[in-house]
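Participant: Protein chains in written order, with the numbering used here: chain A, 1 to 371; chain B, 1 to 297.
A hint or two may mislead.
Stated by the list, open to error - Straight-line Cα separation of at most 27 angstroms, BS3-like style, residue types lysine-lysine; simulated pairs: (1) A:Lys294 x A:Lys233; (2) B:Lys78 x A:Lys233; (3) B:Lys269 x A:Lys294; (4) A:Lys249 x A:Lys233; (5) A:Lys249 x B:Lys158; (6) A:Lys43 x A:Lys248; (7) A:Lys248 x B:Lys269; (8) A:Lys248 x A:Lys294; (9) A:Lys233 x A:Lys248.
For the record, the hints were derived by calculation from the structure and aren't laboratory data.
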Amino acid sequence: MSQNPLAEARQSTERSHPRLANAHTSRIESIGVRLPEQRLATKDLMQRCRRAARVDLETLTGIRSRRVCREGEDSLSLAIDAAWDCLSRSRHRAADLDVLISCSITKYVDGLSYRFEPAMSLSIKEALGASQCLNFDVTNACAGMLTGVSILDAMIRAGSIRCGMVVSGEYISSIADNATRSVRTIASRQLASLTVGDSGAAVIVDRSDDPEQGIRACEITSIPEHSELCIGKPFRSGPGAVMHTRAKKLHQEAIGHALPVIRRALDRSGWPIEEIDFVIPHQTSVRAIRAGTKRFTADLGGFARHDMVNNLEEYGNTASTTHFIALDRYLKEGRLRSSDRVMLLGFASGIVIGALAFTVGEIGASHAHAH
Amino acid sequence: MRTRIESVGRARATARFRRASSIQLAADAAIAALDASGRDAADIDLLVNVGVYRDQNICEPALAPLIQRRIAPLAHRKDVFSFDLNNGTCGLINAFQVADAYLRTGSARRAMVLASDVDPNPRRSTGLALQASGVAVVVAAGDGREGFLGFHSETFSKHANLLESRLDWLGPRPRWIPGGAGHAIAMRTMEAYAERCAECSATSIAHFLENRSLGIDDIDLVLAADAPAGFVRRLTALCGLREGSVVSGEETAGAHTALPGLALESALKSGRLREARHTLFVTAGAGITVSLALYGS
Numbered sequence: 001m002s003q004n005p006l007a008e009a010r011q012s013t014e015r016s017h018p019r020l021a022n023a024h025t026s027r028i029e030s031i032g033v034r035l036p037e038q039r040l041a042t043k044d045l046m047q048r049c050r051r052a053a054r055v056d057l058e059t060l061t062g063i064r065s066r067r068v069c070r071e072g073e074d075s076l077s078l079a080i081d082a083a084w085d086c087l088s089r090s091r092h093r094a095a096d097l098d099v100l101i102s103c104s105i106t107k108y109v110d111g112l113s114y115r116f117e118p119a120m121s122l123s124i125k126e127a128l129g130a131s132q133c134l135n136f137d138v139t140n141a142c143a144g145m146l147t148g149v150s151i152l153d154a155m156i157r158a159g160s161i162r163c164g165m166v167v168s169g170e171y172i173s174s175i176a177d178n179a180t181r182s183v184r185t186i187a188s189r190q191l192a193s194l195t196v197g198d199s200g201a202a203v204i205v206d207r208s209d210d211p212e213q214g215i216r217a218c219e220i221t222s223i224p225e226h227s228e229l230c231i232g233k234p235f236r237s238g239p240g241a242v243m244h245t246r247a248k249k250l251h252q253e254a255i256g257h258a259l260p261v262i263r264r265a266l267d268r269s270g271w272p273i274e275e276i277d278f279v280i281p282h283q284t285s286v287r288a289i290r291a292g293t294k295r296f297t298a299d300l301g302g303f304a305r306h307d308m309v310n311n312l313e314e315y316g317n318t319a320s321t322t323h324f325i326a327l328d329r330y331l332k333e334g335r336l337r338s339s340d341r342v343m344l345l346g347f348a349s350g351i352v353i354g355a356l357a358f359t360v361g362e363i364g365a366s367h368a369h370a371h
Numbered sequence: 001m002r003t004r005i006e007s008v009g010r011a012r013a014t015a016r017f018r019r020a021s022s023i024q025l026a027a028d029a030a031i032a033a034l035d036a037s038g039r040d041a042a043d044i045d046l047l048v049n050v051g052v053y054r055d056q057n058i059c060e061p062a063l064a065p066l067i068q069r070r071i072a073p074l075a076h077r078k079d080v081f082s083f084d085l086n087n088g089t090c091g092l093i094n095a096f097q098v099a100d101a102y103l104r105t106g107s108a109r110r111a112m113v114l115a116s117d118v119d120p121n122p123r124r125s126t127g128l129a130l131q132a133s134g135v136a137v138v139v140a141a142g143d144g145r146e147g148f149l150g151f152h153s154e155t156f157s158k159h160a161n162l163l164e165s166r167l168d169w170l171g172p173r174p175r176w177i178p179g180g181a182g183h184a185i186a187m188r189t190m191e192a193y194a195e196r197c198a199e200c201s202a203t204s205i206a207h208f209l210e211n212r213s214l215g216i217d218d219i220d221l222v223l224a225a226d227a228p229a230g231f232v233r234r235l236t237a238l239c240g241l242r243e244g245s246v247v248s249g250e251e252t253a254g255a256h257t258a259l260p261g262l263a264l265e266s267a268l269k270s271g272r273l274r275e276a277r278h279t280l281f282v283t284a285g286a287g288i289t290v291s292l293a294l295y296g297s
């Protein structure tokens with residue numbers, strides 16, 4: 001095992017560059033989101049803490065509020081609504097989908113009932129009327145949707161499919177509710193649970209005729225020696241889940257191991273970092289985003305044209321959907337042009353690190369048209 | 001290029017497990033598969049776990065990196081893509097299909113698919129009859145004639161209510177009650193489930209083979225996971241399969257997601273997989289979902 005991350009990155013890129021050899025390329029064709037109407041302010045959440053918490057969460061994370069589910073909303077309903085939103089902006093109909101992948105961490109139906117079988121993806125495709133497409137669920141913590149996009153990208157490049165959807169509904173706010181019972185100081189292992197918000201997101205990936213457009217690189221890797229830094233499981237004292245995180249260590253290790261993955265994605269895409277317009281990182285806290293920017297700028301000798309995207313203030317950390325919630329907002333606000341190059345950076349428990357590089361292409365046009 | 005099955009490893013819960021661990025079972029099976037392949041793990045780039053029922057009902061992170069951490073040759077690698085893929089008993093075939101795409105594009109050189117299930121709290125679960133076991137399958141890109149020829153999945157959603165399993169909060173209980181307070185898994189299986197699975201599978205097999213201009217007589221070997229119990233017997237009768245052409249892993253009933261892999265291990269060990277010109281993998285699970293794969297040697 002090499003101890004030098006730069007040497008590792010070089011070694012990996014010395015492998016063949018299969019993307020260039022594949023007959024097909026893929027692109028993100030459409031994005032849809034679903035955000036619950038109900039907002040929960042950080043100060044209101046902190047007031048629920050049973051032990052007077054000595055934590056200024058808003059200053060620490062930059063999160064002012066987040067969306068939370070009302071009665072009648074759950075992971076499945078958020079995913080289905082996001083999938084419909086995505087289809088409404090797409091040229092494709094539900095019947096065109098060859099594959100549907102659900103990537104929720106939380107698989108809650110009928111409130112907080114966690115469903116193992118049948119797969120969530122089955123209920124989503126049935127709701128859409130995409131009955132005969134292949135469906136399965138994927139879980140990879142907060143990198144779930146990136147993992148789903150990577151799978152569709154591989155299947156399209158292999159010529160197995162033409163079009164697929166990745167969808168996720170995250171009714172994850174139960175971990176915040178449960179954390180309010182124990183969080184007291186900044187050192188609490190449930191502090192990170194207070195940053196989450198509920199949401200749904202969906203994305204359609206299809207075959208691209210233009211090899212210069214669309215997805216140029218998708219690199220995801222696991223660093224298993226740190227897989228126990230963040231563990232989520234059912235709460236022992238009530239419904240929903242609880243998540244224990246060694247947040248500082250997790251953040252340090254994720255940032256520390258990200259460089260080879262970013263380099264690999266840049267090499268595969270053929271884009272120097274300075275030619276990337278926007279970098280959208282996983283949304284955990286404004287401090288983490290700043291620290292990441294500083295570290296990557298120093299290590300890469302430069303950075304993207306714009307600051308790293310910060311979408312925390314109103315939505316918080318929406319788990320597997322964060323990148324696509326941020327992307328959707330930027331598209332709706334007209335901040336992205338079709339020629340812009342975007343990199344999504346995934347940091348998830350596992351530890352999973354991912355980098356997806358693509359051009360905006362026609363997604364921007366479909367968003368502008370829809371709004 | 002074809003994706004070929006290189007080796008299979010299995011693990012069973014033994015007395016050394018006080019409570020069987022799905023993570024450890026999958027890791028033990030992975031080591032066995034690597035030993036059987038006779039090659040090191042340096043070029044395994046993809047690790048997919050398809051197990052559904054796991055230690056402590058962990059929902060984050062994916063189980064795959066937790067398993068990878070216990071596979072010594074992979075534990076310190078920093079370039080393996082690992083994640084969970086869940087689709088009940090059909091997960092293994094779906095994972096082969098995903099691995100096939102990564103291998104064909106050259107994004108991965110070899111891949112390992114893992115399956116293991118345990119009941120994390122047998123005293124509280126209802127309807128979940130699992131036999132703790134694990135299986136690991138190594139697949140690689142091959143240049144020869146052997147490998148997967150195609151995949152097919154179909155769902156029959158009118159039967160979606162025939163099997164469902166969930167984890168629910170049972171409410172607070174006094175701590176002195178065995179099992180304590182908390183959540184419990186409930187699997188609800190309707191009586192007609194095995195019968196409907198067999199009927200749906202027979203329909204899917206007919207569609208799949210017809211699309212490939214093959215008949216059931218062209219199939220030399222059928223690897224059918226006997227989940228639900230009695231499924232294989234019904235399928236054999238419905239499809240008119242030749243006696244002795246089916247390997248089902250019946251002796252490991254209750255292995256759930258590992259079951260198709262255990263049937264595969266049996267066929268590989270006996271040499272039947274390599275002898276058969278066409279092998280058909282058949283799995284049926286909740287949904288009802290049927291996943292099939294055709295393998296040529």
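Participant: Which numbered hints are broken by the structure, listed smallest first?
Facilitator: 1, 3, 5, 7
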